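Can you make the complete structure from the sequences, with help from the hints?
Each chain, letter by letter, is given below.
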Amino acid sequence: MFSETIELRGHIIDSLILPKVLDQILTHGANFKIGEIKIGQKRADQSFARIEVSAQTSDALDDLILRLRQHGAEVAERRDAQLAPAPADGVFPPEFYVMTNQQTFVRVDGKEIEVRPTMMDTAIAVDRKKRAARAVKFFDVRKGDEIVVGHQGVRVVPVQRATSRTDVFQFINTIVDADEPKSAIIRELAEELRRVRKAKSKIAVVAGPAIVRTGAGQHLVRLIEAGYVDRLFAGNPFASYDVERALFGTSLGISLDLAFARGGRENLMRAVNAIRAAGGIVAAVEKNVLTNGILHACVRNNVDIVLVGSIRDEGSIPGATTDAIEGQKVLREKLADVTHALLLATIRHSLAVASMLAPTVKIVCVDIDASAVERVVEQQPLQSIGMITDVEPFLLELADCLADSRSRE
Amino acid sequence: MRELLLCPPDYYGIEYEINPWMSVARAADTPAAQEQWQHLHATLSQLNCKVHLIAPQPRLPDMVFTANAGLTVGRKFIPSNFRHKERAGEQPFFAKWMEQHGYEVNWLPEKLYFEGEGDALFGGDVLFCGYKFRSDIQSHRALAEMLGSLAVSVELVDPRFYHLDTCFCPLPDGGAFWFPDAFDEYGQRAIREHLTDLIDVAPEEAMHFSCNAVVIEEDIVLPQGAPQLVNKLQERGYRCYQLPMTEFIKAGGACKCLTMFMPQRQALE
Chain H
1113 MFSETIELRG
1123 HIIDSLILPK
1133 VLDQILTHGA
1143 NFKIGEIKIG
1153 QKRADQSFAR
1163 IEVSAQTSDA
1173 LDDLILRLRQ
1183 HGAEVAERRD
1193 AQLAPAPADG
1203 VFPPEFYVMT
1213 NQQTFVRVDG
1223 KEIEVRPTMM
1233 DTAIAVDRKK
1243 RAARAVKFFD
1253 VRKGDEIVVG
1263 HQGVRVVPVQ
1273 RATSRTDVFQ
1283 FINTIVDADE
1293 PKSAIIRELA
1303 EELRRVRKAK
1313 SKIAVVAGPA
1323 IVRTGAGQHL
1333 VRLIEAGYVD
1343 RLFAGNPFAS
1353 YDVERALFGT
1363 SLGISLDLAF
1373 ARGGRENLMR
1383 AVNAIRAAGG
1393 IVAAVEKNVL
1403 TNGILHACVR
1413 NNVDIVLVGS
1423 IRDEGSIPGA
1433 TTDAIEGQKV
1443 LREKLADVTH
1453 ALLLATIRHS
1463 LAVASMLAPT
1473 VKIVCVDIDA
1483 SAVERVVEQQ
1493 PLQSIGMITD
1503 VEPFLLELAD
1513 CLADSRSRE
Chain X
48 MRELLLCPPD
58 YYGIEYEINP
68 WMSVARAADT
78 PAAQEQWQHL
88 HATLSQLNCK
98 VHLIAPQPRL
108 PDMVFTANAG
118 LTVGRKFIPS
128 NFRHKERAGE
138 QPFFAKWMEQ
148 HGYEVNWLPE
158 KLYFEGEGDA
168 LFGGDVLFCG
178 YKFRSDIQSH
188 RALAEMLGSL
198 AVSVELVDPR
208 FYHLDTCFCP
218 LPDGGAFWFP
228 DAFDEYGQRA
238 IREHLTDLID
248 VAPEEAMHFS
258 CNAVVIEEDI
268 VLPQGAPQLV
278 NKLQERGYRC
288 YQLPMTEFIK
298 AGGACKCLTM
308 FMPQRQALE
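From first to last, the protein sequence lines stand for chains H and X. Every number in the numbering used here is 1112 more than the matching position in the first sequence, counting from 1. Every number in the numbering used here is 47 more than the matching position in the second sequence, counting from 1.
If you're looking for bench data, these hints aren't it; they were derived computationally from the structure. Since this is a predicted model, take the numbers as computed values, not measurements. There may be inaccurate statements among the hints.
Claimed, not checked - What follows is a list of derived Cβ distance ranges for each label pair:
| no. | chain 1 | residue 1 | chain 2 | residue 2 | range |
| --- | --- | --- | --- | --- | --- |
| 1 | H | I1149 | X | D76 | 37 to 47 Å |
| 2 | X | Q275 | H | R1191 | 38 to 48 Å |
| 3 | H | V1210 | X | E133 | 53 to 63 Å |
| 4 | H | E1207 | X | D228 | 55 to 65 Å |
| 5 | X | L159 | H | I1149 | 47 to 57 Å |
| 6 | H | L1138 | X | E240 | 20 to 30 Å |
| 7 | X | L159 | H | A1244 | 30 to 40 Å |
| 8 | H | N1143 | X | E240 | 51 to 61 Å |
| 9 | X | E50 | H | R1191 | 31 to 41 Å |
| 10 | X | T243 | H | Q1194 | 17 to 27 Å |
| 11 | X | L159 | H | A1311 | 50 to 60 Å |
Said to hold, decoys possible - With a straight-line cut-off of 30 Å between C-alpha atoms, the simulated DSSO-like cross-links for lysine-lysine are:
| no. | chain 1 | residue 1 | chain 2 | residue 2 |
| --- | --- | --- | --- | --- |
| 12 | X | K97 | X | K279 |
| 13 | H | K1150 | X | K279 |
| 14 | H | K1441 | H | K1310 |
| 15 | H | K1154 | X | K123 |
| 16 | H | K1223 | X | K158 |
| 17 | X | K158 | H | K1154 |
| 18 | H | K1255 | H | K1241 |
| 19 | X | K123 | H | K1145 |
Stated by the list, open to error - On the chain H side, residues computed to face chain X include the following (Cβ under 8 Å):
| no. | residue |
| --- | --- |
| 20 | R1121 |
| 21 | G1122 |
| 22 | D1126 |
| 23 | S1127 |
| 24 | P1131 |
| 25 | K1132 |
| 26 | K1150 |
| 27 | I1151 |
| 28 | Q1153 |
| 29 | A1156 |
| 30 | L1178 |
| 31 | Q1182 |
| 32 | H1183 |
| 33 | G1184 |
| 34 | H1263 |
Beta carbons are placed, not taken as given, at the ideal position from N, Cα and C, and that holds for glycine.
What follows is the structure, encoded as structure tokens:
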């Protein structure tokens, strides 16, 4: 939303100028918020009103303001954002404005421009010539870039909670505890995901290794096969466990069926080696080295796999991004068009992803650790559901709702 | 006794087009215009008022429309800031004349357009002000501050009725006659809220500039062509003088446009 503050002075009540201006704002599809109003006490006393007018586009706002000026509206003086040059590559000037994940506008040369993309924990770099403002991370900034400092001329538009309760995210909020019923919510969530798929919006799944270890992989595979996953984000352990499970039936040596270790970590190392030898996951699927599991399902169903490694990785699966900064860039790029994200059983990856999501993205965070769920939900307080539960029953129930009513195995 | 300011039509003619009535192809008949103006002058002179004349100036054909010179309240004269450059040259002559006649000249900020009594008429203590085509609404606020009065701003929406005095005429009994369609809905409501006894003028009569009338107590001088309005006014006890104004209507003016009150009313307490 673009907005401008106008002021009306004079006999605006007796002349019905105030109601006329407010009516015109609404009939032009814009909105207003009265910031201040002073009504004259005596007959000849003049009145005053300060009104924030907001419209969908900058052009619509300009056009409306032009009309309102005819009725005496004056645009309240607003100051430009203050800019200072970055002192060195990778360094912001002191007092730099720290952006949140809410839609943000900066006023430059008397005109508001939207900061793109919306990104948490960034500074704002302004390009006056291009009339553009972008969110920049430390690694993005170059010496001399003009960076917004202080709060002047910066406007943040928080996501409004919808007044119509149309989906599960509006009537369930925040967190469902471990001892609370979850079936009804999962059914609602399934409905929402059906709508999302129909609208061809993008669903991301951020998957933690517990999915494989608890044996919930088969349910995720059903969701992938039914077309409910567009992009899979994971770390190296998830991928390694999945291929170990696919190749040896174990994860970290623990068999789903026998419940004790046979071979220990050996299987994991051999599985990773097999994928490396095949030339990566896609090649391993094509060469029939990898014939089942979650990653296999992703390759077969054209689901984008985004793997980002960590410091603990022994030897990663080919294709995983191992450079942390590079990893952030890849994540941001792959998350740009996502509208719904299921963050499943991984706190590290979930937090990283949640911090990069636009405030309008709806998230479901499932983890057995209450504090992990709380931390993730905190980042997206108006558009998220947190569930404290083991991921296996969650995925089982969701897959039952969405995948062709296959019986529980 | 009321005092009025008129300007003889020596240089009057249609030399440019700044409202929908004007057409340089449809010139005013000069002898007829002279005769109509003399008729107005004679009619007003015989009423309970004193008529002053300002010397007309060459190349200022519309100076004859003295109502647009400014607004006089008590001993204060607020000169107009004409929107069209064609008329801007009139301003110094009127200001000088008023100053020479003992009025205190109070200037509005230059950037605010205001066309005098043409867009500012008192109905009782309320100053009704028209805006959009000629005067800016911001000028009304400045006027209200200068005069200490309540100014009710009304938007004019029909370009044929580009000044307030072409579609609205307050009466001394607290009422007014007007052509409602010349105002937007809010302007109509604002006028109705401040004046209770309103006489609506029919569209065909409004087109004869019937609202452009000079009211001096019980006497009303108005253009010919409004028999229904005249009947209603007579029923209320007014004496009506219906004058031919055809040559001035060609320029978008009539009796009231040709007359400025000095003052329009006494200063407000």
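Here is how each hint holds up against the structure:
1. Hint check: H:I1149 to X:D76, Cβ distance near 55 Å, so the stated range 37 to 47 Å is violated.
2. Take X:Q275 and H:R1191: their Cβ atoms lie about 59 Å apart, and the range 38 to 48 Å is violated.
3. The hinted window of 53 to 63 Å between H:V1210 and X:E133 holds, with their beta carbons roughly 58 Å apart.
4. The hinted window of 55 to 65 Å between H:E1207 and X:D228 holds, with their beta carbons roughly 59 Å apart.
5. Distance hint for X:L159 and H:I1149: a CB-CB separation of about 24 Å, inconsistent with the stated range 47 to 57 Å.
6. In this structure the hint that H:L1138 and X:E240 lie 20 to 30 Å apart at CB holds, the actual value being about 22 Å.
7. The given range of 30 to 40 Å is respected by X:L159 and H:A1244, whose C-beta atoms sit roughly 38 Å from each other.
8. The given range of 51 to 61 Å is broken by H:N1143 and X:E240, whose C-beta atoms sit roughly 28 Å from each other.
9. One distance hint, 31 to 41 Å for the beta-carbon pair X:E50 and H:R1191, is violated here, with the actual separation near 52 Å.
10. Checked against the hint of 17 to 27 Å, the pair X:T243 and H:Q1194 fails, with Cβ atoms roughly 56 Å apart.
11. In this structure the supplied range 50 to 60 Å holds for X:L159 paired with H:A1311, their Cβ-Cβ distance being about 53 Å.
12. About 28 Å separates the Cα atoms of X:K97 and X:K279, which keeps this hinted pair within 30 Å; it holds.
13. As the CA atoms of H:K1150 and X:K279 are separated by approximately 42 Å, the hinted pair breaks the 30 Å bound.
14. Between H:K1441 and H:K1310 the CA atoms are separated by roughly 29 Å; this keeps the pair inside 30 Å, and the hint holds.
15. Restraint check: the Cα-Cα separation between H:K1154 and X:K123 comes to about 23 Å, which is no more than 30 Å; the hinted pair holds.
16. Distance check on the hinted pair: H:K1223 and X:K158 sit about 24 Å apart at the alpha-carbon level, within 30 Å; holds.
17. At roughly 29 Å between alpha-carbon atoms, X:K158 and H:K1154 fall within 30 Å of each other, so this suggested pair holds.
18. Under the criterion of a C-alpha separation no larger than 30 Å, the hint pairing H:K1255 with H:K1241 is consistent with the structure, at around 17 Å.
19. Annotation: proposed proximity of X:K123 to H:K1145 is violated, straight-line Cα distance about 40 Å (limit 30 Å).
20. The beta carbon of H:R1121 is positioned within 8 Å of a beta carbon in chain X (closest approach about 6 Å), and the interface hint is therefore held.
21. Checking H:G1122 against chain X by beta carbon gives a least distance of about 4 Å; that is within 8 Å, so the hint holds.
22. Contact between H:D1126 and chain X, as hinted, is supported at the beta carbon level, the nearest pair being about 5 Å apart and thus within 8 Å.
23. Using the Cβ-Cβ criterion of 8 Å, the hint placing H:S1127 at the interface with chain X is satisfied: the shortest such distance is roughly 4 Å.
24. The interface hint given for H:P1131 is met, as the beta carbon of that residue sits about 7 Å from the closest beta carbon of chain X, less than 8 Å.
25. The interface hint given for H:K1132 holds, since its Cβ lies 4 Å from the closest Cβ of chain X, which is under the 8 Å cut-off.
26. Nearest Cβ of chain X to the Cβ of H:K1150: about 14 Å, over the 8 Å cut. The hint is violated.
27. A distance limit of 8 Å between C-beta atoms decides the matter here; for H:I1151 the minimum to chain X is near 13 Å, and the interface restraint is violated.
28. Residue-level restraint check for H:Q1153 is violated (minimum Cβ-Cβ distance to chain X is 13 Å; threshold 8 Å).
29. Interface hint status for H:A1156: upheld, as the beta-carbon distance to the closest one in chain X is roughly 5 Å, under 8 Å.
30. Residue-level restraint check for H:L1178 is violated (minimum Cβ-Cβ distance to chain X is 13 Å; threshold 8 Å).
31. The restraint placing H:Q1182 at the interface with chain X holds, with a minimum CB-CB distance near 6 Å, inside the 8 Å limit.
32. Evaluation of the H:H1183 hint against chain X yields a held restraint, the C-beta minimum of about 6 Å falling below 8 Å.
33. The beta carbon of H:G1184 is positioned within 8 Å of a beta carbon in chain X (closest approach about 4 Å), and the interface hint is therefore held.
34. The beta carbon of H:H1263 is not positioned within 8 Å of any beta carbon in chain X (closest approach about 32 Å), and the interface hint is therefore violated.
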